[in-house]
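Q: Residue numbers (the working numbering): 65 to 180.
I should point out that these hints are in silico values taken from the structure, not numbers from a laboratory.
A virtual CB, placed ideally from N, CA and C, is assigned to each residue, including glycine.
Hints may be right or wrong, so weigh each one.
[To be verified] Simulated restraints, written as ranges between beta carbons of each label pair: (1) Met150 x Glu84: 28 to 36 Å; (2) Asn92 x Val120: 27 to 35 Å; (3) Ile114 x Met150: 30 to 38 Å; (4) Glu168 x Val148: 24 to 32 Å; (5) Asn134 x Asn94: 16 to 24 Å; (6) Tyr131 x Glu163: 52 to 60 Å; (7) Arg137 x Met171: 53 to 61 Å; (8) Met150 x Lys123: 24 to 32 Å; (9) Glu144 x Lys123: 24 to 32 Å.
[What the hints assert, rightly or not] For lysine-lysine, the following BS3-like pairs were computed, each having C-alpha atoms within a straight-line distance of at most 30 Å: (10) Lys116 x Lys103; (11) Lys173 x Lys159; (12) Lys116 x Lys91; (13) Lys161 x Lys176; (14) Lys159 x Lys176; (15) Lys89 x Lys103; (16) Lys154 x Lys165; (17) Lys173 x Lys161; (18) Lys154 x Lys173; (19) Lys103 x Lys123; (20) Lys95 x Lys116; (21) Lys89 x Lys116; (22) Lys165 x Lys176; (23) Lys103 x Lys91.
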Amino acid sequence: MLFKKGRNREDVLFIDASGEGNYEKGKNQNKLREQDIQKIVETYERYETIEKYSYVATKDEIMENDYNLNIPRYVDTFEEEEFVDMEAVKSNIEKIKLELKEVEEQMEKYIKELGL
65 MLFKKGRNRE DVLFIDASGE GNYEKGKNQN KLREQDIQKI VETYERYETI EKYSYVATKD
125 EIMENDYNLN IPRYVDTFEE EEFVDMEAVK SNIEKIKLEL KEVEEQMEKY IKELGL
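Working from the sequences, and respecting the hints, build out all of it.
A: The following block contains the structure:
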């Protein structure tokens, strides 16, 4: 597999410049600023993997992906979600239910006092 004539390397650099801070948000169209273009050029010149921005994929990796060249397949921009303590959530729900029961009992008392 050869990607370009005269090319000495068999790996491919994927750059995902679509992330926050890599462009200026426009009304109808986003714009690359000078610093954004410079970052892309520097990354290409260094031909390096930068977390959540670029990735140098080997020929074997590309073959394993059936030659699928979609950038998200190679540049992982996924943000891991914060851990949720389900026991704490369950405890808070029980606490809220108890508070709600107390409020409902207080409301019932007021309704009886008002004769409604």
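Q: Please flag the earlier hints that this structure goes against, numbers listed from lowest up.
A: 8
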